[in-house]
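Colleague: The primary structure of each chain is shown beneath.
Protein chains: 2
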Amino acid sequence: MKKRRKLGRGVAIVGAGMSKFGMFKDKDSKDLFAEAFLELQDSVDKGIDPNEIDALYLGNFSNDFFMHQSHWGPIISDLIGMTPKPATRTEGACASSALAFREGIFAIASGFYDMVLVGGLEEMSKRTTEEVAEGLALATVPYEGQAGFTFPGVFGAIATAYFAKYGANREHLMNVTIKSHNNAPLNPKAQYPLTVRDIMQAKLKSAEKKGLPVPDWSDEKAFLKDPRVNPMVAWPMHLFDCCPISDGASCMLLVAEEIARNFTDDPIHVLGIGQGSGRGLHACDDLTYFEATRFAAQEAYGMSGLTPDDVQFAEVHDCFSIAELLHIEDLGFFKPGEGYKAVADGLTRLDGPKPINTSGGLKCKGHPVGATGVSQLYEVWTQLRGKAGKRQVSIKDLHIGGAHNLGGTGGTCTFTILGRR
Amino acid sequence: MKKRRKLGRGVAIVGAGMSKFGMFKDKDSKDLFAEAFLELQDSVDKGIDPNEIDALYLGNFSNDFFMHQSHWGPIISDLIGMTPKPATRTEGACASSALAFREGIFAIASGFYDMVLVGGLEEMSKRTTEEVAEGLALATVPYEGQAGFTFPGVFGAIATAYFAKYGANREHLMNVTIKSHNNAPLNPKAQYPLTVRDIMQAKLKSAEKKGLPVPDWSDEKAFLKDPRVNPMVAWPMHLFDCCPISDGASCMLLVAEEIARNFTDDPIHVLGIGQGSGRGLHACDDLTYFEATRFAAQEAYGMSGLTPDDVQFAEVHDCFSIAELLHIEDLGFFKPGEGYKAVADGLTRLDGPKPINTSGGLKCKGHPVGATGVSQLYEVWTQLRGKAGKRQVSIKDLHIGGAHNLGGTGGTCTFTILGRR
Numbered sequence: 000m001k002k003r004r005k006l007g008r009g010v011a012i013v014g015a016g017m018s019k020f021g022m023f024k025d026k027d028s029k030d031l032f033a034e035a036f037l038e039l040q041d042s043v044d045k046g047i048d049p050n051e052i053d054a055l056y057l058g059n060f061s062n063d064f065f066m067h068q069s070h071w072g073p074i075i076s077d078l079i080g081m082t083p084k085p086a087t088r089t090e091g092a093c094a095s096s097a098l099a100f101r102e103g104i105f106a107i108a109s110g111f112y113d114m115v116l117v118g119g120l121e122e123m124s125k126r127t128t129e130e131v132a133e134g135l136a137l138a139t140v141p142y143e144g145q146a147g148f149t150f151p152g153v154f155g156a157i158a159t160a161y162f163a164k165y166g167a168n169r170e171h172l173m174n175v176t177i178k179s180h181n182n183a184p185l186n187p188k189a190q191y192p193l194t195v196r197d198i199m200q201a202k203l204k205s206a207e208k209k210g211l212p213v214p215d216w217s218d219e220k221a222f223l224k225d226p227r228v229n230p231m232v233a234w235p236m237h238l239f240d241c242c243p244i245s246d247g248a249s250c251m252l253l254v255a256e257e258i259a260r261n262f263t264d265d266p267i268h269v270l271g272i273g274q275g276s277g278r279g280l281h282a283c284d285d286l287t288y289f290e291a292t293r294f295a296a297q298e299a300y301g302m303s304g305l306t307p308d309d310v311q312f313a314e315v316h317d318c319f320s321i322a323e324l325l326h327i328e329d330l331g332f333f334k335p336g337e338g339y340k341a342v343a344d345g346l347t348r349l350d351g352p353k354p355i356n357t358s359g360g361l362k363c364k365g366h367p368v369g370a371t372g373v374s375q376l377y378e379v380w381t382q383l384r385g386k387a388g389k390r391q392v393s394i395k396d397l398h399i400g401g402a403h404n405l406g407g408t409g410g411t412c413t414f415t416i417l418g419r420r
Numbered sequence: 000m001k002k003r004r005k006l007g008r009g010v011a012i013v014g015a016g017m018s019k020f021g022m023f024k025d026k027d028s029k030d031l032f033a034e035a036f037l038e039l040q041d042s043v044d045k046g047i048d049p050n051e052i053d054a055l056y057l058g059n060f061s062n063d064f065f066m067h068q069s070h071w072g073p074i075i076s077d078l079i080g081m082t083p084k085p086a087t088r089t090e091g092a093c094a095s096s097a098l099a100f101r102e103g104i105f106a107i108a109s110g111f112y113d114m115v116l117v118g119g120l121e122e123m124s125k126r127t128t129e130e131v132a133e134g135l136a137l138a139t140v141p142y143e144g145q146a147g148f149t150f151p152g153v154f155g156a157i158a159t160a161y162f163a164k165y166g167a168n169r170e171h172l173m174n175v176t177i178k179s180h181n182n183a184p185l186n187p188k189a190q191y192p193l194t195v196r197d198i199m200q201a202k203l204k205s206a207e208k209k210g211l212p213v214p215d216w217s218d219e220k221a222f223l224k225d226p227r228v229n230p231m232v233a234w235p236m237h238l239f240d241c242c243p244i245s246d247g248a249s250c251m252l253l254v255a256e257e258i259a260r261n262f263t264d265d266p267i268h269v270l271g272i273g274q275g276s277g278r279g280l281h282a283c284d285d286l287t288y289f290e291a292t293r294f295a296a297q298e299a300y301g302m303s304g305l306t307p308d309d310v311q312f313a314e315v316h317d318c319f320s321i322a323e324l325l326h327i328e329d330l331g332f333f334k335p336g337e338g339y340k341a342v343a344d345g346l347t348r349l350d351g352p353k354p355i356n357t358s359g360g361l362k363c364k365g366h367p368v369g370a371t372g373v374s375q376l377y378e379v380w381t382q383l384r385g386k387a388g389k390r391q392v393s394i395k396d397l398h399i400g401g402a403h404n405l406g407g408t409g410g411t412c413t414f415t416i417l418g419r420r
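Respectively, the protein sequence lines represent chains A and B.
For reference, each letter of the first sequence is one residue, going 0 to 420 in numbering that gives the first Met the number 0.
For reference, each letter of the second sequence is one residue, going 0 to 420 in numbering that gives the first Met the number 0.
Hints may be right or wrong, so weigh each one.
As the list claims (entries may be wrong) - Sample of chain B residues facing chain A (criterion: CB under 7 Å; computed from the structure):
{"hint": "1", "residue": "L6"}
{"hint": "2", "residue": "P73"}
{"hint": "3", "residue": "D77"}
{"hint": "4", "residue": "A106"}
{"hint": "5", "residue": "Q274"}
{"hint": "6", "residue": "R278"}
{"hint": "7", "residue": "G410"}
What the hints assert, rightly or not - One-sided and incomplete, this derived list gives chain A residues near chain B with beta-carbon spacing under 7 Å:
{"hint": "8", "residue": "K5"}
{"hint": "9", "residue": "S61"}
{"hint": "10", "residue": "D63"}
{"hint": "11", "residue": "Q68"}
{"hint": "12", "residue": "S69"}
{"hint": "13", "residue": "P83"}
{"hint": "14", "residue": "P85"}
{"hint": "15", "residue": "R88"}
{"hint": "16", "residue": "L98"}
{"hint": "17", "residue": "E102"}
{"hint": "18", "residue": "L137"}
{"hint": "19", "residue": "S276"}
{"hint": "20", "residue": "A291"}
{"hint": "21", "residue": "G407"}
Said to hold, decoys possible - Here are the simulated lysine-lysine pairs, DSS-like style, with alpha carbons at most 25 Å apart:
{"hint": "22", "chain 1": "B", "residue 1": "K220", "chain 2": "B", "residue 2": "K164"}
{"hint": "23", "chain 1": "A", "residue 1": "K224", "chain 2": "A", "residue 2": "K208"}
{"hint": "24", "chain 1": "B", "residue 1": "K125", "chain 2": "B", "residue 2": "K26"}
{"hint": "25", "chain 1": "A", "residue 1": "K84", "chain 2": "B", "residue 2": "K5"}
{"hint": "26", "chain 1": "B", "residue 1": "K24", "chain 2": "B", "residue 2": "K125"}
{"hint": "27", "chain 1": "B", "residue 1": "K5", "chain 2": "A", "residue 2": "K5"}
{"hint": "28", "chain 1": "B", "residue 1": "K19", "chain 2": "B", "residue 2": "K386"}
{"hint": "29", "chain 1": "A", "residue 1": "K84", "chain 2": "A", "residue 2": "K45"}
{"hint": "30", "chain 1": "B", "residue 1": "K334", "chain 2": "A", "residue 2": "K84"}
{"hint": "31", "chain 1": "A", "residue 1": "K84", "chain 2": "A", "residue 2": "K29"}
{"hint": "32", "chain 1": "B", "residue 1": "K19", "chain 2": "B", "residue 2": "K389"}
{"hint": "33", "chain 1": "B", "residue 1": "K84", "chain 2": "A", "residue 2": "K5"}
{"hint": "34", "chain 1": "B", "residue 1": "K84", "chain 2": "A", "residue 2": "K334"}
{"hint": "35", "chain 1": "A", "residue 1": "K125", "chain 2": "A", "residue 2": "K29"}
{"hint": "36", "chain 1": "A", "residue 1": "K353", "chain 2": "A", "residue 2": "K334"}
Hints were generated in silico from the structure; no laboratory data involved.
As the structure is a computational prediction, the values presented were derived from the model and not from experiment.
Where is the CB? At the ideal position from N, CA and C, for every residue including glycine.
With the rest of the complex left out, here is chain A:
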C-alpha cells in the first residue's frame, strides 16, 4: 500500500508573472526575469512589499552552456534587490523550474519561511541551432547524448513505438500541433501566436504576390504534409512537431496558506505535488510511456486525494507533439493508447471537456527550458483565476488544474495539481 504523502503546512500562490517568450536579440536573462517579476508584483491583488520575500528558488537548465554563466541564484537575487537573502538554483533539464517551485513549497511547508519567490529562466537564442541541439543533449542520459542521440531522434523513436503499438499515425501528431496552434494566438505571451491556417494562408498569399505557382493545400493537414513547409527532422518528427528555441523567464509567489488572504481574496492552493526520475530509453521495457511521469502523477493524486477526472484542464510537456499524447495517458486523463483518439475527437481543445495546453503549449508558447515549468503553473493559475482573456477555459465551476513538466528523456518528471480549497 503506497503511503499517502502530506505537507505539514499548506502553501498557496498569490502572484505570478512571465516574460513574453521568444528569440530576443536585445534582451538578456536579467531583462527577461525583470519583466516577469514586474508582472508578478502587479498580479498580487492586495500588493506586496518585495522586502518580505524570504528566499528565492530559480530553475535554470544550462545557461552554463548557452551563456557561459552559471550560479544564477545570486545574480537574480541581486537583480531584484533580495541579497543577502538566500537564492538557490535547481536543475532538472527542461523541468528545472518545476523543481524550483517544489523546493519553494518544501521551504514554506517546513515552517522555515513564509514567503518564497520561485521562477526560472533560460537564454538560448544567442547560440546557433546546432549549438542549442548540443546543449540540450547534455540533458539526455550518457547512453543517449554521448552516443549521438539528439532530442528529435529520441522522440522520433518514441513516436514510432507508439504508432506500432497503438495504430496511430502522423496525422494524429498533426492534430496535436493544429490544436496547440489554435490556442496560441489567444496568448499574448506566445512566441508563435499563429494558427496553422494563418501560416498556410500567409504562404499562399506570398506565393500569389510573387507570381509563383500557388500550392494546392486543401486543408491544414495537406499543408503539414508538404515537405517544403514542414520538412522532416527525425522520422516521424517534422518541423511542426517540435517546439522552438526560446528565451524567457517566469516566476511565482508562494506563501503559507494561513497568510495567503493578506495578499489576495482568491489564493490558489497547491493541492498535490509529485516528482519522479527515469533511467533513459535504453532501460525502458516500453517506449510508449514515461515511468517517471506515472510515478509523479501517483504522488500528486495521492497527496490531493483527487483523480485524473477531477483535474479539469492541464498544461503538459509537449516538447514534441508525441510527448503530449504520452503524457495525457500517463497522467490518467485517457487510457494507454487512447490519447491520440481523444485529441482526434477534439476532447483536448480549448472548448473540449479536457483542455490541454491552453497556453499554446511549448510548441507555440515557446520553450525557454528553465522557465517552462513555472510558466506552465502560471497558465494554470491564470486560468483558475479566470484571467486568461480570450483563451479562458469555459468549463463551469473551474477550480482544479494540473501542470506536467518533463526533463531530459524522462529523467525528471513532475506533476502539480493546483486549485481552490
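Since chain A is already given, all that's left is putting chain B on it; use the hints.
Modeller: Chain B in isolation, oriented as in the chain A frame:
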C-alpha cells in the same frame, strides 16, 4: 528584531560517506558517488534498506562544462537503483551540495518525506588547468568572470584589502596553509596527505640524491617563500594558498528526528541552518568580509539559539588561505581583524581551543566543488561521533560543530550547525 526561524520537524543525520578526493584518470562521477554511497550504507549503525530512501538531492556545480553532461539527478538515482523516486540537482557554485543538504532538510521538515539522501559530486581533472579556470569563472558574477577576473585574482584582491586594513601579511596566510597541511596526513581521504615539512624534506632529499645544490630552507616559511617551490599565482596568492583541482563525491543520509533511533543510537542533529546570497566584489563596500556568510551565520545561530562560542570546531571554506581568515571572523569565532592573529597563536590547530578544518580543508583534502559542502558536513559528523581516528578533536564533551561553505565570490554562502541534543 530579526525573526527566529524554525523547522516544523527536526532532522537528524544517521549515515554519511565520501569517496577519496583526488585526480582520478580511471574513475568517473558515477564511480566516485558509488564509493561514497557504499561507505554511507556501512556507516548506518543499525543498517538501512536503500529502498526506504524517499528522494535524492544532489549538488553539482558544472559537470555541464567539465564533462559535457548535465542533469545528474536521475543519473545518480539510476546508479543507486532509486528510480522512479525523485532526484533533484542543486547548484550554488562551490556551495552546490550544501544546498542539496538544505533542501533535504526542508523536504523532511515539510512532512513530505521521512528519509532523504543528499550528496554532491564533481569531476574536474579530465580538463586542463586552463579549462578548469575557465569553468570555475562561470560561477563568478558577470562583472567579474566576463571581465577576465579568475578566482585566484578575486581572492588576491581580497587578501590585499585584508592586509591593508588589518596589518596582516603573507606569513599569516602561510600559517593557515601549514596548519591545514598538518591535519591532512591524518585524513585517509585527503588528496594531499602531506605536511609542508614532508614536502620540504622530500624536495631536499631529491636535490641531494640528484647531486643538485641543496636549498637552505631553515623552516616551512622559508620553504614557502622560495618561488621555485611556491610560485605566485595572483599576488599575494601563491601556489600553496590555493586549493587543488579535484574529483570526488560525498553523501549523507537524513531522516526525521522521530525515526532516527531506528538507525543509530547516536544520531547527529541539525541544530541550525543558514544561507545567504551576495552581489559580487563590485558591489562590496569592503572586501574584508562576506555579507552572505554573516547573514547565513545569523540565521543558523538564530535557529539554534547558539553562539559562535558554542561551536566547538568547524570546517570552513578555504578555497584560498585568505578565505579561511575571513570566514572564521564572519562566523563570529574571532573578531574582525583578529582571525589572522588567532591562527598565528595556534588557536585553530587540531589541538587548539577552536580547531578549524580538521579534515585538511579544501587546500589539502581537495575541492571537487559540487562534493565539498557535504564533505564538510561529513567531517563534522565524523568528529562529533568520535570516529575521526588520528585527527579526532580532543576537546572534552565534544557535541557541537559547524560547517561553512562558500560558492562563487560570496554569491552563495551557507552555515550549518550540527550536534547532539
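Colleague: For every hint, state whether the structure bears it out.
Modeller: Verification of the hints:
A least Cβ separation of about 5 Å between L6(B) and chain A falls short of the 7 Å threshold, and the interface hint therefore holds. Because the closest C-beta pair between P73(B) and chain A is about 4 Å apart, less than 7 Å, the hint holds. About 5 Å separates the beta-carbon of D77(B) from the nearest beta-carbon of chain A, less than 7 Å, and the hint is met. Of the supplied interface hints, the one on A106(B) holds, with its beta-carbon coming within about 5 Å of a beta-carbon of chain A, less than 7 Å.
Annotation: interface hint on Q274(B) holds; nearest CB of chain A at approximately 4 Å, less than 7 Å. For R278(B), the suggested interface contact is upheld, since its CB lies about 5 Å from the closest CB of chain A, less than 7 Å. Here the hint on G410(B) is kept, as its CB sits about 3 Å from the closest CB of chain A, short of 7 Å. With a least beta-carbon distance of about 6 Å to chain B, the hint placing K5(A) at the interface is held under the 7 Å criterion.
Annotation: interface hint on S61(A) holds; nearest CB of chain B at approximately 5 Å, less than 7 Å. Interface hint status for D63(A): upheld, as the beta-carbon distance to the closest one in chain B is roughly 4 Å, under 7 Å. At a threshold of 7 Å, the smallest CB-CB gap from Q68(A) to chain B is about 6 Å, leaving the interface hint in force. With its C-beta approaching chain B no nearer than about 4 Å, S69(A) sits inside the 7 Å limit, and its interface hint holds.
Hint status for P83(A) relative to chain B: holds, with the closest Cβ pair at about 4 Å, below 7 Å. A hinted interface residue such as P85(A) counts as satisfied when its beta carbon comes closer than 7 Å to some beta carbon of chain B; here the least separation is about 4 Å, so the hint holds. A cut of 7 Å between beta carbons decides the hint on R88(A): the least distance to chain B is about 4 Å, and the hint holds. About 5 Å separates the beta-carbon of L98(A) from the nearest beta-carbon of chain B, less than 7 Å, and the hint is met.
For E102(A), the interface hint holds, since its Cβ comes within 7 Å of a Cβ in chain B; the closest pair sits about 5 Å apart. Contact between L137(A) and chain B, as hinted, is supported at the beta carbon level, the nearest pair being about 4 Å apart and thus within 7 Å. About 4 Å separates the beta-carbon of S276(A) from the nearest beta-carbon of chain B, less than 7 Å, and the hint is met. Checking A291(A) against chain B by beta carbon gives a least distance of about 5 Å; that is within 7 Å, so the hint holds.
At its closest, the beta carbon of G407(A) sits 5 Å from a beta carbon of chain B; the interface hint therefore holds under the 7 Å criterion. A threshold of 25 Å between alpha carbons decides the hint, and for K220(B) with K164(B) the separation of about 23 Å falls inside it, so the pair holds. Restraint check for K224(A) and K208(A): satisfied, since their Cα atoms lie roughly 23 Å apart, inside the 25 Å limit. The hinted pair formed by K125(B) and K26(B) meets the criterion: a straight-line CA distance of about 10 Å does not exceed 25 Å.
Taking the CA atoms of K84(A) and K5(B), the gap is near 16 Å; set against the 25 Å cutoff, the hint holds. Between K24(B) and K125(B), the direct Cα distance comes to roughly 7 Å. Compliance with the 25 Å bound is thereby established for this hinted pair. Distance restraint check for K5(B) and K5(A): the Cα-Cα separation of roughly 19 Å lies within the 25 Å cut-off, and the hinted pair is therefore satisfied. Proposed proximity of K19(B) and K386(B) is supported: the alpha carbons are some 17 Å apart, at most 25 Å.
A C-alpha spacing of about 24 Å is found between K84(A) and K45(A), which places the hinted pair at or below 25 Å, so the restraint holds. Our distance criterion of 25 Å between C-alpha atoms is met by K334(B) and K84(A), whose separation comes to about 23 Å. At roughly 18 Å between alpha-carbon atoms, K84(A) and K29(A) fall within 25 Å of each other, so this suggested pair holds. As the CA atoms of K19(B) and K389(B) are separated by approximately 17 Å, the hinted pair is consistent with the 25 Å bound.
Between the alpha carbons of K84(B) and K5(A) the distance comes to roughly 16 Å, so the proposed pair stays at or under 25 Å and holds. As the CA atoms of K84(B) and K334(A) are separated by approximately 23 Å, the hinted pair is consistent with the 25 Å bound. At roughly 14 Å between alpha-carbon atoms, K125(A) and K29(A) fall within 25 Å of each other, so this suggested pair holds. Only pairs whose Cα atoms come within 25 Å are accepted, and K353(A) paired with K334(A) is accepted, the gap being roughly 14 Å.
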